[in-house]
Amino acid sequence: MKVGVIVFPGSNCDRDMYHVLTDVFNLNAEFFWHEKNLPQDIDAVVLPGGFSYGDRLRAGVIAAHSPIISDVKKLAEKGIPILGVCNGFQILVESGLLPGVLLKNESLNFMCEWTNLIVNNNTTPFTNKLEINQKIPIPIANGEGRYFVDDESLTQLKKNNQIVFSYENKVNGSISQIAGVCNSDGNVVGMMPHPERAAEKEINQIDHKPSSLIFESLIETVGMKN
Amino acid sequence: MSFQEHEKKHIEENVKRKLTDTELQILAAEWSEHCSYKSSKKHLRMLPTTGPNVIVEKGYDSGVLDVGDGYVVTVHIESHNHPSAVEPFGGAATGVGGVIRDILSAGTRPIALFDGLRFGNIETDLHARWLFKNAVSGIADYGNCLGIPTIGGEVEFDECYKNYALVDVAAVGFGKKSKLIKNHANVDDLVLLIGGSTGRDGVGGSQFASDALEEENRSAVQIPDPFIEKLIIEAILECRDENCINAMKDLGGGGLSCAISETAESLGIGIELDVKNVHLRESDLSPDEIMISESQERMLVISDPINLSKIKQICDKFRIQCSVIGKVKEDKMMHVKNGDETLALLPADFVARGPLIDREKSKPEYLSKLPSSPSSENEMPLSDILLKLLSSPNIASKHWVFRQYDHEVGIRTVIKPGFDGSVLRLDNGKFLSVKIDGNPKHCYIDPRQGAIGCFEEACRNVVCTGATPIGMVDHLQFGNPEDPEIFWTFMESIEGITDFAKFLDIPCVGGKVSFYNETSDGPIKPTPLIGVLGIIEKSPLLPTPPSNNDIILLIGETKDELGGSEYYEYIHNFIGGVAPKVDFSESKKNMKSVLSLISKNLVKSVHDCSKGGLAIGISELCIFGKIGCNIDLPSSLSSEKMLFSESHSRYILVVNKNNLDDIKSILSDDNCSFSEIGIFSGDQIVFESASDPILKLRVDKAENNYLNSLGKIIQNG
Numbered sequence: 036m037k038v039g040v041i042v043f044p045g046s047n048c049d050r051d052m053y054h055v056l057t058d059v060f061n062l063n064a065e066f067f068w069h070e071k072n073l074p075q076d077i078d079a080v081v082l083p084g085g086f087s088y089g090d091r092l093r094a095g096v097i098a099a100h101s102p103i104i105s106d107v108k109k110l111a112e113k114g115i116p117i118l119g120v121c122n123g124f125q126i127l128v129e130s131g132l133l134p135g136v137l138l139k140n141e142s143l144n145f146m147c148e149w150t151n152l153i154v155n156n157n158t159t160p161f162t163n164k165l166e167i168n169q170k171i172p173i174p175i176a177n178g179e180g181r182y183f184v185d186d187e188s189l190t191q192l193k194k195n196n197q198i199v200f201s202y203e204n205k206v207n208g209s210i211s212q213i214a215g216v217c218n219s220d221g222n223v224v225g226m227m228p229h230p231e232r233a234a235e236k237e238i239n240q241i242d243h244k245p246s247s248l249i250f251e252s253l254i255e256t257v258g259m260k261n
Numbered sequence: 003m004s005f006q007e008h009e010k011k012h013i014e015e016n017v018k019r020k021l022t023d024t025e026l027q028i029l030a031a032e033w034s035e036h037c038s039y040k041s042s043k044k045h046l047r048m049l050p051t052t053g054p055n056v057i058v059e060k061g062y063d064s065g066v067l068d069v070g071d072g073y074v075v076t077v078h079i080e081s082h083n084h085p086s087a088v089e090p091f092g093g094a095a096t097g098v099g100g101v102i103r104d105i106l107s108a109g110t111r112p113i114a115l116f117d118g119l120r121f122g123n124i125e126t127d128l129h130a131r132w133l134f135k136n137a138v139s140g141i142a143d144y145g146n147c148l149g150i151p152t153i154g155g156e157v158e159f160d161e162c163y164k165n166y167a168l169v170d171v172a173a174v175g176f177g178k179k180s181k182l183i184k185n186h187a188n189v190d191d192l193v194l195l196i197g198g199s200t201g202r203d204g205v206g207g208s209q210f211a212s213d214a215l216e217e218e219n220r221s222a223v224q225i226p227d228p229f230i231e232k233l234i235i236e237a238i239l240e241c242r243d244e245n246c247i248n249a250m251k252d253l254g255g256g257g258l259s260c261a262i263s264e265t266a267e268s269l270g271i272g273i274e275l276d277v278k279n280v281h282l283r284e285s286d287l288s289p290d291e292i293m294i295s296e297s298q299e300r301m302l303v304i305s306d307p308i309n310l311s312k313i314k315q316i317c318d319k320f321r322i323q324c325s326v327i328g329k330v331k332e333d334k335m336m337h338v339k340n341g342d343e344t345l346a347l348l349p350a351d352f353v354a355r356g357p358l359i360d361r362e363k364s365k366p367e368y369l370s371k372l373p374s375s376p377s378s379e380n381e382m383p384l385s386d387i388l389l390k391l392l393s394s395p396n397i398a399s400k401h402w403v404f405r406q407y408d409h410e411v412g413i414r415t416v417i418k419p420g421f422d423g424s425v426l427r428l429d430n431g432k433f434l435s436v437k438i439d440g441n442p443k444h445c446y447i448d449p450r451q452g453a454i455g456c457f458e459e460a461c462r463n464v465v466c467t468g469a470t471p472i473g474m475v476d477h478l479q480f481g482n483p484e485d486p487e488i489f490w491t492f493m494e495s496i497e498g499i500t501d502f503a504k505f506l507d508i509p510c511v512g513g514k515v516s517f518y519n520e521t522s523d524g525p526i527k528p529t530p531l532i533g534v535l536g537i538i539e540k541s542p543l544l545p546t547p548p549s550n551n552d553i554i555l556l557i558g559e560t561k562d563e564l565g566g567s568e569y570y571e572y573i574h575n576f577i578g579g580v581a582p583k584v585d586f587s588e589s590k591k592n593m594k595s596v597l598s599l600i601s602k603n604l605v606k607s608v609h610d611c612s613k614g615g616l617a618i619g620i621s622e623l624c625i626f627g628k629i630g631c632n633i634d635l636p637s638s639l640s641s642e643k644m645l646f647s648e649s650h651s652r653y654i655l656v657v658n659k660n661n662l663d664d665i666k667s668i669l670s671d672d673n674c675s676f677s678e679i680g681i682f683s684g685d686q687i688v689f690e691s692a693s694d695p696i697l698k699l700r701v702d703k704a705e706n707n708y709l710n711s712l713g714k715i716i717q718n719g
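Chains as they are written, first to last, in the numbering used here: chain E, 36 to 261; chain D, 3 to 719.
Everything labelled a hint here was simulated from the structure, so no lab data went into it. Ideal Cβ positions, reconstructed from N, Cα and C, are used throughout, including at glycine. Be careful, since some hints might not be right.
[Said to hold, decoys possible] Restricting the straight-line Cα-Cα distance to at most 27 angstroms, the calculated cross-link-like pairs of lysine-lysine (DSS-like) are:
id : chain 1 : residue 1 : chain 2 : residue 2
1  : D       : K628      : E       : K205
2  : D       : K432      : D       : K334
3  : E       : K205      : D       : K135
4  : D       : K628      : E       : K139
5  : E       : K37       : D       : K319
6  : E       : K139      : D       : K400
7  : D       : K363      : D       : K278
[As the list claims (entries may be wrong)] What the simulated footprint calls covered on chain D by chain E, stretch by stretch (three residues with Cβ under 8 angstroms from a Cβ of chain E suffice, anywhere in the stretch; the number is not a length):
id : region
8  : 56-64
9  : 160-173
10 : 395-407
[To be verified] Far from chain E by the CB rule (all over 10 angstroms, computed), these chain D residues:
id : residue
11 : T22
12 : D227
13 : R242
14 : S377
15 : E410
16 : T415
17 : S670
18 : K698
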């Protein structure tokens, strides 16, 4: 099995994600530059964090027009698990693969902090080994991380079980404290916090197991077909 | 642009003709204090720079330390003071950019940033507050975008920085020893300029920085573009992996003039370049402007012609520009052309080695006039003093600052900002601990002891994490060196740092000197800043909150040294007294013993005792553990001195009762001065003297002041 890690100009969590996928979880991962094609037999795709195109215009909006995104869309339709973290989430939202928008944090500042996530949906390919309401200690690091949708869409999200993670406390002004959502099929997940920064004991002295379960869920879904 | 008499003479003696305008511009940039170190170079040679771990290559702008298993760590420190005082966001951001490219030049990936920020009194001075807020935003904007974590630093406020700003940035890189760029060049190699375009921003920046800040010259401030910098980092590292680079240098102060002459000089080659080939932001730039523009995000690369297509391919992938601007010659000349016309033709070593100056020094008069103690006795209750100190912007938590920096990216940050030293994990299983420290209040009262103190404090912080110091960088910041009194303070600092570095056997692997840090209000206080790097072979001592019944030991002696303390200056508005002095042998002994206790797993945590003294050190631990304490102060000194003196070489140990006997016997065997001073318990910070309570403060009150004060000041405008 193979996980594709997409690299845009300005991605900066690509190597961190690759390290965790390969060195920590023994997955077979490969970088894909944003101008390349994604093989159609790939098993999962991750859009890592960073500042694609320097966050110009609006975080993620330029990268959403990268050539590789049309491949990501095809894979999404086929039901392949796709995870966007931080800037990756912003790109998925901007490309229309996920609902909503990400606005500037309420503090108007960049925020790098540890926070607790609450699991709201444990049926996605990235959360199936987690329990509903399980707490995940995890860092956020973003300037535009305040999730927003209008009331009607929010009702839809709730109805379709598309809210995957929410913050335990008010962190940045996100509507309903939403930290991560999925598409209506559940195979495309976007989240602002960084699971790759919390899945190893050495760098997460609080508890690295819950974040590890995000990666183990993926393994559970696609299997270890090395 | 002007030359001093001895410089004019040096030109006349060496060049037997009239210099062209371009040559004059090039020399003015390269011979500025900022680029030539003409006042300091002779004296910097006294610093010890070699050691078993130090790797030296030609033309490196960063220090390189071997950390074993085929890996190296690189480090460099720079400041961007003048620009930041004028345009704090851009000035601070480009300061980050410049030091990162120095790390990249060695062929290593930048993995961490540290910054030391200094401004005027932000409580009363709105301009200082504006400078502070925007400098922090500038650093955050740049470092975050690059994905290089800012994992430590310090922030200090003092009246001497009124209308001014010190923005110091240190960067650390990591890489394989085998991939270091071994700077070399062959005749007919190509000289490439990679990255951002050359524009009018930063024209004459190094001369601007080599004079007192009297007018705001905004065009001398460069414009930051972190996105281009990120692309350059990735492109250059790909070129390195493809073995396309023979030599490399970042374009910083002095722009092309400096990069070309210094590269040619250090490699013993000539370089011929045509300004017509430089890619420009504005088409009407004059050749002279092209030569001295300090536009950011540019790298000079020397490569074999056969590698050009590979380099171009990599640059195309990242959509950054790459221009062949010249080639390597045998003649050791710096030859600047505009098409067929020669604009400058001078020996590279003549350009790169500006004539040095012997500056006069004399002990400043103010030193003999400083009062020895405040005129009246303290009448404020000690608990009120502690509460006020905890909210001093110099002591209060810097959470408001570092939460704006991505300090997690790169997933190496094991000990995060807000503790003593910051710790990164390395690929060989070892850990790197880094801390930068300055203390202008101590340095003003005693420039020599103050500088040594900064050095010792940085060492202590690194030791608290379990790391053995292996190298240091220094950044020496002073006013106008033409003033003999200021030059005396510079000499005292560098001599002190040299003595201590030699005593501890810690090589100086890099540094910078910055003079002319003054405004019409006068010079800054002497502000040497020291960065220390330490290595932890096995595992770092993680910050662990103290819990009920943990015992508190204090290693080291508290002395009658309140001079320059936060207590004197913030509480009593008093400048004077005796500044702390490092006892070299006590310092070494205590470091060794603390490291040995940590390696034997006998201590729960170790905290440095510095700004604000023992009272603050203990309070910080209580706030961290959300627990009170009961301390019985030794009565050898008055309570104020015991609580607030900032004596060096002291460590606060948090230990479990079961380990107490072992620890005591080791410390006794090592002949360390130590005392068991108290225990953690309850919800109040309690200090007693001869069993009489002299200070009582609720931990939650202390916590509120400590954690929220800085943010509150900022929110108020």
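Now for the hints, and whether the structure bears them out:
Under the criterion of a C-alpha separation no larger than 27 angstroms, the hint pairing K628 of chain D with K205 of chain E is consistent with the structure, at around 22 angstroms. For the hint linking K432 of chain D to K334 of chain D, the alpha-carbon distance of about 43 angstroms lies beyond 27 angstroms, and the restraint is violated. A threshold of 27 angstroms between alpha carbons decides the hint, and for K205 of chain E with K135 of chain D the separation of about 24 angstroms falls inside it, so the pair holds. A hinted pair counts as satisfied when its Cα atoms are at most 27 angstroms apart, and K628 of chain D with K139 of chain E does not qualify at roughly 33 angstroms.
Proposed proximity of K37 of chain E and K319 of chain D is supported: the alpha carbons are some 24 angstroms apart, at most 27 angstroms. The straight-line distance between the Cα atoms of K139 of chain E and K400 of chain D is roughly 23 angstroms, inside the 27 angstroms bound, and the hint therefore holds. With a C-alpha separation of about 46 angstroms, the suggested pairing of K363 of chain D with K278 of chain D is violated against the 27 angstroms cut-off. Judged by the Cβ-Cβ criterion of 8 angstroms, the region 56-64 of chain D is not covered by chain E as claimed, because only 0 of its residues qualify and three are needed.
Judged by the Cβ-Cβ criterion of 8 angstroms, the region 160-173 of chain D is not covered by chain E as claimed, because only 0 of its residues qualify and three are needed. Coverage of the region 395-407 of chain D by chain E holds in this model, with 4 residues showing a Cβ closer than 8 angstroms to a Cβ of that chain against a need of three. Under the 10 angstroms C-beta cut-off, the non-interface status given to T22 of chain D relative to chain E holds; the minimum distance is some 40 angstroms. Its beta-carbon lying about 8 angstroms from the closest one in chain E, D227 of chain D breaks the requirement of being farther than 10 angstroms from that chain.
Every C-beta of chain E lies more than 10 angstroms from that of R242 of chain D, the closest at about 15 angstroms, which supports listing it as non-interface. The beta carbon of S377 of chain D is kept farther than 10 angstroms from every beta carbon of chain E, the shortest such distance being approximately 44 angstroms. With a cut of 10 angstroms on Cβ distances, E410 of chain D falls inside the contact zone with chain E, its closest approach being about 5 angstroms. Not every beta carbon of chain E lies more than 10 angstroms from that of T415 of chain D, the smallest distance being close to 6 angstroms; the non-interface claim is violated.
At roughly 33 angstroms from the closest C-beta of chain E, the C-beta of S670 of chain D stays outside 10 angstroms, upholding its exclusion from the interface. The beta carbon of K698 of chain D is kept farther than 10 angstroms from every beta carbon of chain E, the shortest such distance being approximately 32 angstroms.
Taken one by one, the earlier hints fail for this structure at numbers 2, 4, 7, 8, 9, 12, 15 and 16, listed in ascending order.
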